[in-house]
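Colleague: Using the hints, position chain G against chain C.
Listed below, chain by chain, are the residues.
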Amino acid sequence: MGEKKIIPIGPYHPLQEEPELFKLYCEGEIVRDIKWETGYNHRGIEKLSEQKTFDQVFFLVERICGICSTSHPFAFANAMEEIAGIEVPDRAKYIRTIIAELERIHSHLLWVGLAGHFLGYNTVFMWAWKYREPVLDLFEMITGNRNSYAMFKIGGVRRDITGDQIREIGKVMPVIKKKTDLLAGAVMDDPVIHARTKGVGVLTREDIAGYAAVGPTARASGVAIDIRRDDPYAAYPLVNWKVITAEAGDVFAKAEVRLLEMYESVAIIEQCLEKMKKEKEGETGVQVREIPEGMGTGRAEAPRGEVFHFVVTDGSNSPVRHKIRAPSYVNIATFKKSCVGQTIADATISLAAVDPCYCCTERMAVAYDRQSGRKLYDGHEIIGISQNKSDIIREGNI
Amino acid sequence: MKIEELTDTLKAGFEKDLLRVERHGERRLSVHIAPAAIVNVARFMHVHLKLRFIIASAMHTRKGMEILYHFSDDSSGNVINVQVVLDEKNPEIESLTGIFVAADWIEREMHELFGISFLNHPNLEKLLSEGNWAEGVHPYRKDK
Numbered sequence: 001m002g003e004k005k006i007i008p009i010g011p012y013h014p015l016q017e018e019p020e021l022f023k024l025y026c027e028g029e030i031v032r033d034i035k036w037e038t039g040y041n042h043r044g045i046e047k048l049s050e051q052k053t054f055d056q057v058f059f060l061v062e063r064i065c066g067i068c069s070t071s072h073p074f075a076f077a078n079a080m081e082e083i084a085g086i087e088v089p090d091r092a093k094y095i096r097t098i099i100a101e102l103e104r105i106h107s108h109l110l111w112v113g114l115a116g117h118f119l120g121y122n123t124v125f126m127w128a129w130k131y132r133e134p135v136l137d138l139f140e141m142i143t144g145n146r147n148s149y150a151m152f153k154i155g156g157v158r159r160d161i162t163g164d165q166i167r168e169i170g171k172v173m174p175v176i177k178k179k180t181d182l183l184a185g186a187v188m189d190d191p192v193i194h195a196r197t198k199g200v201g202v203l204t205r206e207d208i209a210g211y212a213a214v215g216p217t218a219r220a221s222g223v224a225i226d227i228r229r230d231d232p233y234a235a236y237p238l239v240n241w242k243v244i245t246a247e248a249g250d251v252f253a254k255a256e257v258r259l260l261e262m263y264e265s266v267a268i269i270e271q272c273l274e275k276m277k278k279e280k281e282g283e284t285g286v287q288v289r290e291i292p293e294g295m296g297t298g299r300a301e302a303p304r305g306e307v308f309h310f311v312v313t314d315g316s317n318s319p320v321r322h323k324i325r326a327p328s329y330v331n332i333a334t335f336k337k338s339c340v341g342q343t344i345a346d347a348t349i350s351l352a353a354v355d356p357c358y359c360c361t362e363r364m365a366v367a368y369d370r371q372s373g374r375k376l377y378d379g380h381e382i383i384g385i386s387q388n389k390s391d392i393i394r395e396g397n398i
Numbered sequence: 001m002k003i004e005e006l007t008d009t010l011k012a013g014f015e016k017d018l019l020r021v022e023r024h025g026e027r028r029l030s031v032h033i034a035p036a037a038i039v040n041v042a043r044f045m046h047v048h049l050k051l052r053f054i055i056a057s058a059m060h061t062r063k064g065m066e067i068l069y070h071f072s073d074d075s076s077g078n079v080i081n082v083q084v085v086l087d088e089k090n091p092e093i094e095s096l097t098g099i100f101v102a103a104d105w106i107e108r109e110m111h112e113l114f115g116i117s118f119l120n121h122p123n124l125e126k127l128l129s130e131g132n133w134a135e136g137v138h139p140y141r142k143d144k
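For the record, the sequence lines run as chains C and G. Numbering of the first sequence is given in our numbering, commencing with residue 1 and proceeding in unit increments. Numbering of the second sequence is given in our numbering, commencing with residue 1 and proceeding in unit increments.
So here's chain C without its partners, still in its complex pose (with noise of 0.2 Å):
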């Protein structure tokens, strides 16, 4: 046996599409331990998110992630509602309800797909992004953004869904739904994913309970736990649903986990639809004067798993202090069981395994000079240059 010979993974790789290190330290083809540096896409945005207003503030943790970029807002203003006792109009709750579960198919598809990307099998991976498409074109068409939809605020949304978009909409489920047969076969049926995904990464409940993991990444270890059903919000409680679990804990569970999830959130999707159509027209938020003191707790089942807005306020209008956790810093953490053992090759698939997002997970960018301790820039300063660099992109000199 010779020493530990360490292969990094980052901190730009093909492999990732976000910034992150992984030293595996491998004794031939098998790993036997993994080290990380965390901290490339730190933004500090727990702290600029006291310098904002509350209105602000959605527009802010919207940029948190670029995926799952409504789970965020979703959940401070589950914590904002809490603070100020507010109860959402119905009609705002179907269509909030419409656009998480839109999300929640997009962003498993894209995993879907780049699982397919990892395992060399990129049939599934063009699959799987094609499929995508569809509901990026919703969301254009609802709120004029593929991503970042800008459609939450407090005490409701920002626009309604109108009735020739509810048929459009309902027109596309079906799409979707066949689709996921389609994937679902690919990936299902096939026996090379049966060989490179079965018992590899295996998570169990006692991991899950220690690492305190959440969503798809529980799930797939027989961990039903799901914010959507626990502490209902929404329209969640208005409509037939159910909590898709698996046992086995590999990145086969997860997958299939993630597959059924979409068949899920396709008939929460309908049903929302329907009432909206009985309902045809409705107040989509209430007038919101004032934010009391106090402290708030905001969750939402994001893709990925729950998401947990902290809120402290003071009266003023500005959070004294807001805690973000995204459910990626719970699940990477697992990457010490899930990938010690394996080989290589199936540390890789078993890293992708929990959908990690690492925007999320590290949530300034104000730089210091080590020996000087000297800012190289400040808030203003970085402005400043995105502005200079918007102003030559107009006059088009690049």
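By construction, these hints were calculated from the structure, which means they are not laboratory data. Since the model is a prediction, treat every value here as computed from it, not as a measurement. Check the hints yourself; a few may be wrong.
As the list claims (entries may be wrong) - Okay, derived cross-link-like pairs now, DSS-like style, lysine-lysine, Cα gap no bigger than 27 Å in a straight line:
hint : chain 1 : residue 1 : chain 2 : residue 2
1    : C       : 336       : G       : 126
2    : C       : 4         : C       : 47
3    : C       : 35        : G       : 126
4    : C       : 336       : C       : 278
5    : G       : 142       : C       : 5
6    : G       : 126       : C       : 4
7    : G       : 142       : C       : 47
8    : C       : 52        : G       : 142
9    : G       : 50        : C       : 47
10   : G       : 126       : C       : 23
Modeller: Just chain G now, with coordinates in the frame of chain C:
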């Protein structure tokens, strides 16, 4: 477990260390305890009551450094905040990593951003700013 039942259980188990209990809304509870009792209370929450540790939030307030440990009871949707106040000049508290691994990262983060020491933490290194911030700079404190 209902929130009233939980309050009674905690009151019975930690009579001396329990300073105050506050209820916010239907499914939210804050329990103020003496910092010395944190390990016992956290173990009771995690091992006995089977609650899930969500995360901890540190706050720099007029009272000092406050930490809220958030626990989730997934069977009822309750969130229980265990709240401690630490001395502002020399904030230190026992680490919870011996009870659940999930406390590892967040304690490192609070150490880095607020300068709180976690006793008996296996690896209290910087989590986010490795090599980028000057020593002794804790950006989330409200010093100025």
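Colleague: May I ask which of the numbered hints given earlier this structure violates, with the numbers listed in increasing order?
Modeller: 2, 4, 5, 9
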